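A.B. asks: Chain A is already provided as a structure; the job is to place chain B on it using the hints.
Number of protein chains: 2
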Amino acid sequence: MVVSKSWTMVKHFDGVPKPEEFKLIEKELPPLQDGEVLLESVFLSVDPYIRLYSRHLKEGDVIMGFQVARVTESKNSAFPVGGYYVGNAGWTTHFISDGKGIDPLLPEWPESLQRSLAIGLVGFPGLTAYFGLLDVCKPKEGDVILVNCAAGAVGSVVGQIAKIKGCKVVGSAGTDDKVQYLKEIGFDEAFNYKTVSSLDEALKKASPEGYDCYFENVGGKFSDVALLQMKNFGRIAVCGAISIYNNAEPPSGPYIQLSMIFKQLRMEGFIVTRWADRYVEGQKQLLQWVLEGKVKYHEHITKGFENMPAGFIGMLNGENTGKAIIQV
Amino acid sequence: MVVSKSWTMVKHFDGVPKPEEFKLIEKELPPLQDGEVLLESVFLSVDPYIRLYSRHLKEGDVIMGFQVARVTESKNSAFPVGGYYVGNAGWTTHFISDGKGIDPLLPEWPESLQRSLAIGLVGFPGLTAYFGLLDVCKPKEGDVILVNCAAGAVGSVVGQIAKIKGCKVVGSAGTDDKVQYLKEIGFDEAFNYKTVSSLDEALKKASPEGYDCYFENVGGKFSDVALLQMKNFGRIAVCGAISIYNNAEPPSGPYIQLSMIFKQLRMEGFIVTRWADRYVEGQKQLLQWVLEGKVKYHEHITKGFENMPAGFIGMLNGENTGKAIIQV
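Going down the list, the sequences are from chains A and B.
The first sequence begins at 3 in my numbering and counts up by one.
The second sequence begins at 3 in my numbering and counts up by one.
So here's chain A without its partners, still in its complex pose (with noise of 0.2 Å):
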């Protein structure tokens, strides 16, 4: 008889996470039914997203969320014991699936790479960089690209990939640290938010003509400010808006349409669920970017499945550079 362990939301989130808002459970699985595999949850992903969407769920729901998961029984061929995949079961130990809804990780992924990237780099927080850069910004060799939480798993994949479309790329981050490790990376600009004197300025002195595009993971206050330094036709794709997730309403900012007809800005929000049909594709290339070490990456490990909720709040705090993973 296997136990699995899962962390549940005892109440919504008033503002930032607290530990007491987390519960631990656990749930005696059934015995395998024919076609049915059971997975071993190894890497576990902790996103901003989880704090947005967290508001769609039940009190006492186990919060949601992707891993990387080894098969350790297994009555369905197609999925040997020993096999990994991504599953999207949540934040959960063990679960049974019947195959549909857990990926296995893509067939040149060579044995020496570590397979948390494949909630990474190469999983979903790669694909939104590389279809929202790419398919939503648009940006053309040459253009000037900011892009915010710059370092973070998603941020960190969108400068690379900027760079390696030919743009000019700026990184605003909250630690030194951070905009040492953007520098490391590549990005041309880097500045971390906290401690500049003025947004503006900083804004204006890593690109004074301005931006061509926007990459938003944080929205607010930032928004208002890079807003007004877009250059004419820019185009902003609005990934996130981690800077407003703990407000259970959005807080006020001056309305935005003067800049948007002035300048002919553009605005999308995306999920990067509309590529489905394209995330072999898009794993692909950022495997082959990893290989090629053209695209590098650094993950930020909690040890232990009982700190996860410390993880999730350490990563909405900032703590990490780079993706936010906790190993079992």
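Keep in mind that the hints are not guaranteed to be accurate.
Identical chains share a label here; the pair holds if one copy fits it or two copies do between them.
Pairs of lysine-lysine, DSS-like flavour, derived with a Cα cap of 27 Å [said to hold, decoys possible]:
#  : residue 1 : residue 2
1  : K167      : K13
2  : K140      : K233
3  : K165      : K13
4  : K265      : K13
5  : K102      : K167
6  : K233      : K265
7  : K265      : K60
8  : K102      : K265
9  : K223      : K265
10 : K7        : K298
11 : K170      : K223
12 : K233      : K60
13 : K206      : K77
14 : K206      : K102
Just so you know, the hints here were simulated from the structure itself, not pulled from any lab data.
What you are looking at is a predicted structure, and each value in this text was computed from that prediction instead of being measured.
C.D. replies: Coordinates of chain B only, in the frame set by chain A:
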């Protein structure tokens, strides 16, 4: 010796423009040089954008604007006396041109059709509706389109073109007479935003399933409510934001990033000049629709150049149904 009268902006408008902020000046025009023509304004256009762009004027400048003008004297054989042209000479009765920046009416313009339409339905307001709707919103047959300031020079054309394209059209306007007018020209639903008990409910009632396209002329609080009613992958064409033009600094409203993300909305601001190489295409199509009776028009004519500021202020206050025109 010809004396030209012009309206200048004495000082930058503070809130709603007031009569004392305008001043009529007179200037003697010099004799024509070879290649020059003298034009006399017949109809002048007052439009919301003038309020917005007045912030770029210097105090004492002649106010910007288009006119239909007639050549009264010519030293340029390409521009014969008696010819009608659309000029961009500002609020002025007479002006000299070397032929650059004045455009003839379409050659197929019938003698019977009032020439004021060349600065209305078949001019920039019509082109703004035509390109903004078709190129920015990109409506598909069966889409539901929301347009505000729907009885205005642009909105009334947007709605009618959307009907031609097989869409359902919902319009918002500020008087019951305008609502009646919208129904007469084919809007499927129309309501008076000033008298409905709830804008949210009015929008839901007009289209319970939401909106595919939103042609934005108003901005501000209207946009807060409308954005929440968009369907997934909705398109928002930001043409204007008349509700905030009178504010020196943009007022504040809730940040929109979450709606943009959840519904994967695309919002684009535009200025009609971006389609300068396609004006003739648009004008020909608009003229054809007018002549076929497929697009109807209404003009709100203020007589007398001396009444131009009053006509402008009245237009900003929503006194016009259809295009606001000054007839000299």
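A.B. asks: Hints first: check each against the structure and report whether it holds.
C.D. replies: The hints, checked one at a time:
no.: 1; hint: K167 x K13; verdict: neither (44 Å within a copy, 49 Å between copies)
no.: 2; hint: K140 x K233; verdict: both (14 Å within a copy, 24 Å between copies)
no.: 3; hint: K165 x K13; verdict: neither (43 Å within a copy, 48 Å between copies)
no.: 4; hint: K265 x K13; verdict: between (43 Å within a copy, 26 Å between copies)
no.: 5; hint: K102 x K167; verdict: neither (36 Å within a copy, 41 Å between copies)
no.: 6; hint: K233 x K265; verdict: both (7 Å within a copy, 26 Å between copies)
no.: 7; hint: K265 x K60; verdict: between (42 Å within a copy, 21 Å between copies)
no.: 8; hint: K102 x K265; verdict: between (46 Å within a copy, 26 Å between copies)
no.: 9; hint: K223 x K265; verdict: both (19 Å within a copy, 22 Å between copies)
no.: 10; hint: K7 x K298; verdict: neither (33 Å within a copy, 67 Å between copies)
no.: 11; hint: K170 x K223; verdict: within (24 Å within a copy, 37 Å between copies)
no.: 12; hint: K233 x K60; verdict: between (43 Å within a copy, 24 Å between copies)
no.: 13; hint: K206 x K77; verdict: neither (60 Å within a copy, 50 Å between copies)
no.: 14; hint: K206 x K102; verdict: neither (49 Å within a copy, 37 Å between copies)
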